[in-house]
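Asks: Sequence:
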Amino acid sequence: MSQFSFDVALEDFEAKVLQASLEVPVVVDFWAPWCGPCQTLKPMLEKLAEEYKGRFLLAKVNSDENPELAGHFGVRSIPSVKVVYQGQLVDEFNGALPEGQVREFLDRIALPGGNETDLRAEAAALVGEGRLEEALAKLVAASQADPQDQAVQLDAIDVLLQLGRNDEAAQLLAGEYPNEPARATALRARLALAQGAADTAPLEAKLAASPDDHATRLELARAYAAQSRFREALEAALEVVRRDRFFDEGAGRKTLLQFFEALSGEQYDDLVREFRRKLSAALN
Numbered sequence: 001m002s003q004f005s006f007d008v009a010l011e012d013f014e015a016k017v018l019q020a021s022l023e024v025p026v027v028v029d030f031w032a033p034w035c036g037p038c039q040t041l042k043p044m045l046e047k048l049a050e051e052y053k054g055r056f057l058l059a060k061v062n063s064d065e066n067p068e069l070a071g072h073f074g075v076r077s078i079p080s081v082k083v084v085y086q087g088q089l090v091d092e093f094n095g096a097l098p099e100g101q102v103r104e105f106l107d108r109i110a111l112p113g114g115n116e117t118d119l120r121a122e123a124a125a126l127v128g129e130g131r132l133e134e135a136l137a138k139l140v141a142a143s144q145a146d147p148q149d150q151a152v153q154l155d156a157i158d159v160l161l162q163l164g165r166n167d168e169a170a171q172l173l174a175g176e177y178p179n180e181p182a183r184a185t186a187l188r189a190r191l192a193l194a195q196g197a198a199d200t201a202p203l204e205a206k207l208a209a210s211p212d213d214h215a216t217r218l219e220l221a222r223a224y225a226a227q228s229r230f231r232e233a234l235e236a237a238l239e240v241v242r243r244d245r246f247f248d249e250g251a252g253r254k255t256l257l258q259f260f261e262a263l264s265g266e267q268y269d270d271l272v273r274e275f276r277r278k279l280s281a282a283l284n
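Here the sequence shown stands for residues 1 to 284, where the numbers follow our numbering.
Think of the hints as simulated: they come from the structure by calculation, not from any bench. A virtual CB, placed ideally from N, CA and C, is assigned to each residue, including glycine. Please note that a few of the clues may not be correct.
Pairs of lysine-lysine residues, derived as PhoX-like cross-links and limited to a Cα-Cα distance of at most 25 angstroms, are as follows [what the hints assert, rightly or not]:
no.	residue 1	residue 2
1	16	42
2	60	16
3	60	47
4	16	47
5	254	206
6	60	42
7	16	53
8	53	42
9	278	254
Pair ranges (Cβ atoms, derived) [claimed, not checked]:
no.	residue 1	residue 2	range
10	10	244	57 to 67 angstroms
11	39	280	19 to 29 angstroms
12	129	10	33 to 43 angstroms
13	205	245	22 to 32 angstroms
14	100	215	32 to 42 angstroms
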């Protein structure tokens with residue numbers, strides 16, 4: 001049982017939620033075993049509760065077993081998330097949001113973080129400005145402050161990949177990341193793409209001379225991906241699907257799915273959603 005997330009029923013709701021909320025925000029997740037979106041949101045919240053290390057607590061309420069609590073909070077559909085702080089309902093959302101939006105919500109209601117949390121936020125801002133070496137230094141400091149923080153370690157691997165320091169990234173990815181398995185898998189897929197780096201100029205010239213050379217277009221897509229030019233990579237692979245969805249047993253679609261796996265995670269959520277929609281439109 002985690003110290004940061006726990007199951008709650010009617011009989012212990014006052015002690016575990018209302019009393020606890022006098023000190024820290026308590027996120028109450030109303031879910032049910034039959035609810036598909038709940039099976040996505042609940043483990044995400046559990047993971048984030050561990051990551052935020054007590055800046056909020058997660059109370060999980062099975063709404064089927066606790067209809068009185070669901071009724072008291074006006075729950076009409078699930079998943080439904082309510083935030084209780086100092087005994088009062090202070091915020092809420094409904095439905096299974098993407099992780100990026102859930103993080104934004106939690107950042108609004110969670111208690112201020114410690115030094116490593118601040119360093120991670122500073123690193124994210126530096127990455128957004130393209131100051132990758134400075135961001136990496138911040139993440140190294142954050143990891144030294146809390147060597148068990150796997151999210152910080154994976155942030156550093158992401159930056160190493162963007163810097164082209166693939167050998168260092170590979171060494172770090174050889175470890176285990178039980179708290180962040182999906183993100184570690186995505187970064188390993190990114191590393192595999194990066195290790196296939198090639199000069200794009202000859203491929204672009206070859207394709208310009210023969211626009212229906214689908215094999216070259218896919219090779220170019222992988223070369224773009226190896227250089228972290230992900231939008232161009234996705235466009236190139238999608239163009240193969242548009243021109244000939246059956247080429248090489250659906251190689252265009254398979255390449256896109258490989259890219260989607262490599263780009264899973266909040267940083268590229270919008271880009272992946274955009275191209276999933278485009279792929280669906282191209283196939284229908």
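Asks: 19 to 29 angstroms was suggested as the range; check whether the CB atoms of residue 39 and residue 280 agree with it.
Replies: Given a distance of about 23 angstroms, which is inside 19 to 29 angstroms, the answer is holds.
Asks: So the hint says 32 to 42 angstroms: do the beta-carbon atoms of residue 100 and residue 215 match that?
Replies: With Cβ atoms ~35 angstroms apart, the hint holds.
Asks: Could you tell me whether the CB distance from residue 205 to residue 245 stays inside 22 to 32 angstroms?
Replies: holds, 26 angstroms
Asks: Against the 25 angstroms threshold, does the CA-CA distance of residue 60 and residue 42 hold or violate the hint?
Replies: Roughly 8 angstroms between the alpha carbons, so the hint for residue 60 and residue 42 holds.
Asks: Would the pair residue 60 and residue 16 pass a check requiring their Cα atoms to be no farther apart than 25 angstroms?
Replies: Roughly 11 angstroms between the alpha carbons, so the hint for residue 60 and residue 16 holds.
Asks: Next pair to validate is residue 16 with residue 42; report whether the Cα-Cα distance is within 25 angstroms.
Replies: holds, 18 angstroms
Asks: Holds or violated: residue 16 and residue 53, Cα atoms, limit 25 angstroms.
Replies: holds, 17 angstroms
Asks: Holds or violated: residue 278 with residue 254, Cα cutoff 25 angstroms?
Replies: Distance ~14 angstroms between residue 278 and residue 254 Cα, so the pair holds.
Asks: Per the hint of 57 to 67 angstroms, is the separation of the Cβ atoms of residue 10 and residue 244 within bounds?
Replies: holds, 60 angstroms
Asks: Are the Cα atoms of residue 60 and residue 47 separated by 25 angstroms or less?
Replies: This hinted pair holds, its Cα atoms lying about 13 angstroms apart.
Asks: Verify the proposed pairing of residue 53 with residue 42, using a straight-line Cα cut of 25 angstroms.
Replies: Holds - the C-alpha atoms of residue 42 and residue 53 are around 17 angstroms apart, at most 25 angstroms.
Asks: Could you grab the alpha-carbon distance between residue 16 and residue 47 and see if it respects the 25 angstroms cut-off?
Replies: Distance ~19 angstroms between residue 16 and residue 47 Cα, so the pair holds.
Consistency with the previously given hints fails for number 12 only.
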